[in-house]
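Protein chains in written order, with this note's numbering: chain A, 1 to 150; chain B, 1 to 74.
FYI, nobody ran anything at the bench for these hints, they're computed from the structure.
Wrong hints could be hidden among the right ones.
[Stated by the list, open to error] The list that follows gives simulated cross-link-like pairs (lysine to any residue, SDA-like), each with its CA atoms no further than 25 angstroms apart:
1) K71/A with G31/B
2) K71/A with Q23/B
3) K84/A with L63/B
4) K25/B with V68/A
These numbers come from a predicted model, not from an experiment.
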Amino acid sequence: MSFEEKLTWANTVTTVIVAAVYAWIIGGQIAAGPVTDIAYQKPMIIALGAIVVLTIAGAIATAIGTAVGVKISGEGSVDDIDRKDERDVHINRRGDLAGYYVAAVFMFGILAMTMLEYPHFWIANAVFVALLAAGLTSSAVKLVAYHRGF
Amino acid sequence: MAKPTRVMNSIRSLRFAASEMTQAKLADRVGMTRQTIIAIEQGRYSPSLEVAFKIARVFGVSLNDVFQYPEGQS
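Isolated chain A, as found in the complex (with noise of 0.2 angstroms):
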């Protein structure tokens, strides 16, 4: 596996776990009482602070355990920690092409709920998803290409 397609996975991995404990925490209050009370704008500012954060940490980790990988086993070179090549970038491409048409989607979306003037915690929560979305669908097709082909 190259270490683009680790990155790719971590990067997955973060965004799911993440998603999953914002809805998790968001997700209980709304049926709990009427959606303008709650507080949801903290939760997901950390949210996505912690998605960039643990993308970092993950891609240092990554390639920690790339390096230590490549020690034990004597297989593959630490030089192909940071390297990326062509193949990397046209697939990184097709994935962030991918990524956009969602979000494009999404937008027409959020832009009728605008319009018909839902209130602000929908409109934002529309937004946090479209861009969960954007991101986990470019991460598939990246994936789907590095295992095809492409």
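For chain A, the structure is supplied; the task is to place chain B on it using the hints.
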């Protein structure tokens, strides 16, 4: 599962003919990752023309000796 490219190659046999050059060594010589060399060998990735020329140059052969495209395919 259909391969994403019809381009075939002889990299594997050329590597063995070149003192059993490893995929890692070839990757280093052309500035690619080992995983990309594996993907090219297995027909899961078609490299750019520039990389194709680099690979041919490593083995000291022409591009046609490394990469082939089936006859009758448009």
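Going through the hints against the structure:
For the hint linking K71/A to G31/B, the alpha-carbon distance of about 22 angstroms falls within 25 angstroms, and the restraint holds. A threshold of 25 angstroms between alpha carbons decides the hint, and for K71/A with Q23/B the separation of about 18 angstroms falls inside it, so the pair holds. Restraint check for K84/A and L63/B: the C-alpha separation of about 24 angstroms stays at or below 25 angstroms, so the hint holds. Pair hint K25/B plus V68/A holds up; C-alpha atoms about 20 angstroms apart against a cutoff of 25 angstroms.
Hint check: no violations occur; every hint is consistent with the structure.
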